[in-house]
Amino acid sequence: MHPISTKREISGKVWIYVLALGLVVAIGLLALLVSSVQVPVADILFILLHKLSGGQISINVPNNLVTIIWEIRLPRVLLALGVGAGLAVSGAAFQGLLRNPLADPYTLGVSSGAALGAVLVIFFKISLVSFMTLPFFAIAGGLSALVLVFGLTRLSRRGTSIETLVLAGIIVSAFIGSLISLLIALSGEELRGILYWLFGSLSMRGWRYLALYLPFFVVGTVVLFLHHRELNALAFGEEAAYHLGVDVKRKRGLILIGASLVSGAAVAVSGTIGFVGLIIPHVVRLLVGPDHKHVLPLSMLLGGSFLAVADMTARTIIAPQELPVGVITALVGAPVFAFLLLRANGQRGKSS
Amino acid sequence: MIEARQLSGGYTQFNVKEVNLSVERGQFVAILGPNGSGKTTLLKLLSGALAPKKGEVLLKGKPLNRYSTKEKAKLISVLGQEEQVAFDFTVEEVVALGRYPHQKGWFGLLSPQDRKKIEEALVMTRLVHLRHHPFYQLSGGEKQRVLLAKALAQEAEALFLDEPTNHLDINFTIEMLDLLKTWQQSKGLTIVAILHDVNVAALYADRLALMQQGQLQLVEEIDQLKDAGPLEQLYTMKVEPVVHPRLDRPQFMYTSQQCFKDNKTLSLADAYQLTQNKHFFHLHFKVPFKVMSNCQWGSGIRWARHFCHFFLSHDQRDADWRKGIPRPEERLEGLLHQWGIPPHQAAGAITYAQLEHYVLVEKQVESPLLAVITVACPTEDVKSYLKASVPENKLVSVMLFIDGFLDDGALVQGLIVAEQAKSRAMAEQGILPAKANGANENQDREIMMIAVTQRGKGTMDSGVKPFYQTVDQLVYQAVKKALLSVQSVVKQ
Chain Z
8 MHPISTKREI SGKVWIYVLA LGLVVAIGLL ALLVSSVQVP VADILFILLH KLSGGQISIN
68 VPNNLVTIIW EIRLPRVLLA LGVGAGLAVS GAAFQGLLRN PLADPYTLGV SSGAALGAVL
128 VIFFKISLVS FMTLPFFAIA GGLSALVLVF GLTRLSRRGT SIETLVLAGI IVSAFIGSLI
188 SLLIALSGEE LRGILYWLFG SLSMRGWRYL ALYLPFFVVG TVVLFLHHRE LNALAFGEEA
248 AYHLGVDVKR KRGLILIGAS LVSGAAVAVS GTIGFVGLII PHVVRLLVGP DHKHVLPLSM
308 LLGGSFLAVA DMTARTIIAP QELPVGVITA LVGAPVFAFL LLRANGQRGK SS
Chain G
252 MIEARQLSGG YTQFNVKEVN LSVERGQFVA ILGPNGSGKT TLLKLLSGAL APKKGEVLLK
312 GKPLNRYSTK EKAKLISVLG QEEQVAFDFT VEEVVALGRY PHQKGWFGLL SPQDRKKIEE
372 ALVMTRLVHL RHHPFYQLSG GEKQRVLLAK ALAQEAEALF LDEPTNHLDI NFTIEMLDLL
432 KTWQQSKGLT IVAILHDVNV AALYADRLAL MQQGQLQLVE EIDQLKDAGP LEQLYTMKVE
492 PVVHPRLDRP QFMYTSQQCF KDNKTLSLAD AYQLTQNKHF FHLHFKVPFK VMSNCQWGSG
552 IRWARHFCHF FLSHDQRDAD WRKGIPRPEE RLEGLLHQWG IPPHQAAGAI TYAQLEHYVL
612 VEKQVESPLL AVITVACPTE DVKSYLKASV PENKLVSVML FIDGFLDDGA LVQGLIVAEQ
672 AKSRAMAEQG ILPAKANGAN ENQDREIMMI AVTQRGKGTM DSGVKPFYQT VDQLVYQAVK
732 KALLSVQSVV KQ
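Chains as they are written, first to last, in our numbering: chain Z, 8 to 359; chain G, 252 to 743.
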């Protein structure tokens, strides 16, 4: 046995977790601080303490600042962290499940499917169970898009190879995109609401959205965490995983549902934000290796930080106007995606 | 351990039809068969990866589909042809995946027992030094070793392998199968393997399952393969059973159809070139011969085109002794290089005779038999050679060349016939055969050699008796002629 190396590895990983958590807290606080209306750091901390203690700690801060921090900025920052975490963790799960380092909710059509679900709700003003309707439709849309993508790859007879999957994802996304365009063309006063989802934005969400998102996020990520070993076993393909003792059909279904819950809910509250689920798991794997035991939680931490920074940039870079956060993530993500694609091809060339 | 009953199944049609197979614990069963015969389908049916359409598979007496996936994985592990891994897992992480069916709890941490088994598998497959190495960077042989380690870490009682050595070089193939065999013998591992190399399968397997168009024919005793019949039927091609030099296992050679094309009979006039001088005597043939001989260079059975005797005086021999050149082979290798004769295409001997006394008797017999017989009287002193009082010098070497096909038995028979003819001719000249010939390898050796082109369908077809009679006649006449010519030299 090699107790020394094992110990060193564990302590190395602990440091990464500590750093990642520190990053989340630091970025969270920074995001509260940076804005058009400057609020001193001390005041922000006092407001947080005041609110968290249930008003027991009294503070000497103007009420409008309290509202800005507590009612506008904090839920927005927390939602950015949560959505980023959700997109990244579901991206990691999709990549693991499909053995495809280029898969994520966006490339697989889950995001556009979810967007279609959301747009349908807005367009037809569907209201089944009050405010739960939209996330419900978004998640259902995401799942059906995924089923469609899988159906296409199965039909192509070339199996779930990387190329066919990504191609099928593009086809389905394009198809759904045209459906959304159709709805937009037909829409009148709903137009603004619809475009809202499509750009992907975190502004004006408030606590209610966070409350709406959180249950799906928690359930989905717990499901995914419980399957980290199955995700590892799937690295050699479904048949190899079956021979290792993985009940592939059931576990695959659970992982797909878990990942779609999280990503569908993320789309439901923030619209389609691309590339977070694609690049964050990659960066994490470069840091800690491909073991999903670490990839999943660290993807959450880094994904949350990334989206919080992106959102901070989106609302400050051309202040007082605001950019959709999806624009920022795409601007950063697309070049990274291209780099990863080239690198993956290079690796395959070497190994063959 | 595993039993298939009337097992039928496949993807689109029945690739496997009503197969019955029972594999006992600790057995090594190899599945052989041409491409598309249903080998992989059979393995998938047996491992549960594919559900049978008819019949059933019993694992330890219980139907396979009544096991949970995890329970089944504790009993059967599977190693595929070449597996592609997503992401760059390290060797150790890949091997650790093998512990999946044994891990409990939600977090699935590795227990000390898990770590021990992983370590054991790494040691067994000699991968300890590569444990932190990325899997995808390994060579094909190392990758298969890692996957084998993963399968071993799974601690299943049976291991199924689908062409595990498909893309491996032969050294990795042997290394891997040696490892499997060790595991089989030390831990009672049951092995069912699809192998594409008949010889490798015959070396390692206890039983063979031959698949042909979805149907299974069992070879219970590996010895049954010593008859080429089952394999020729399986692959519909010609295979030649050969003898393994060290192991009692059937082995096979494949014959290219090319070799049946050039069937022109050799004509003695231009079949060979003869070089003869005071240093050596050298026959160079245009076509290669399969040679069975006791030549010091190239003894036993080999293929050769160059046949030579090198002359060494007794003085040179003594000088050799003093210089400590111990073996005639080494001396011969030097001489072959010196005279530009390719050693790997030569059969040669050292003689202490003077080469002027070599006699070459050649005779073109009716096709397909060609005979060139060389008789030597290998002694320095021809006069003393004929004195009956010096028995150890009465050496006659015979080289017999035949254009035709003889199997190994016919070769031995040919040698015996030639030796008897030689003795008869010598006895008629009043010479008794030498005693203890060749006991000391540094002494003169009487060379007896039979060389055959192995072309054509078989000399034996034309009738056994006439063939050996011809051999007998040719050798007898040649030896007689040689002895007479030596005597005439002496009389002068």
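Rather than coming from a laboratory, the hints here were simulated on the basis of the structure.
Don't be surprised by glycine CBs; every beta carbon is placed ideally from N, CA and C.
Misleading hints may appear alongside valid ones.
[Stated by the list, open to error] Distance condition first, Cα-Cα at most 25 Å in a straight line; then the derived DSS-like pairs of lysine-lysine:
(1) Z:300 <-> G:432
(2) G:477 <-> Z:300
(3) G:325 <-> Z:256
[Unchecked claim] Covered stretches of chain Z, going by a simulated chain G footprint (3 or more residues, C-beta under 8 Å):
(4) 104-118
(5) 243-252
Those earlier numbered hints the structure runs against, lowest number first: Structure breaks hints 1, 2.
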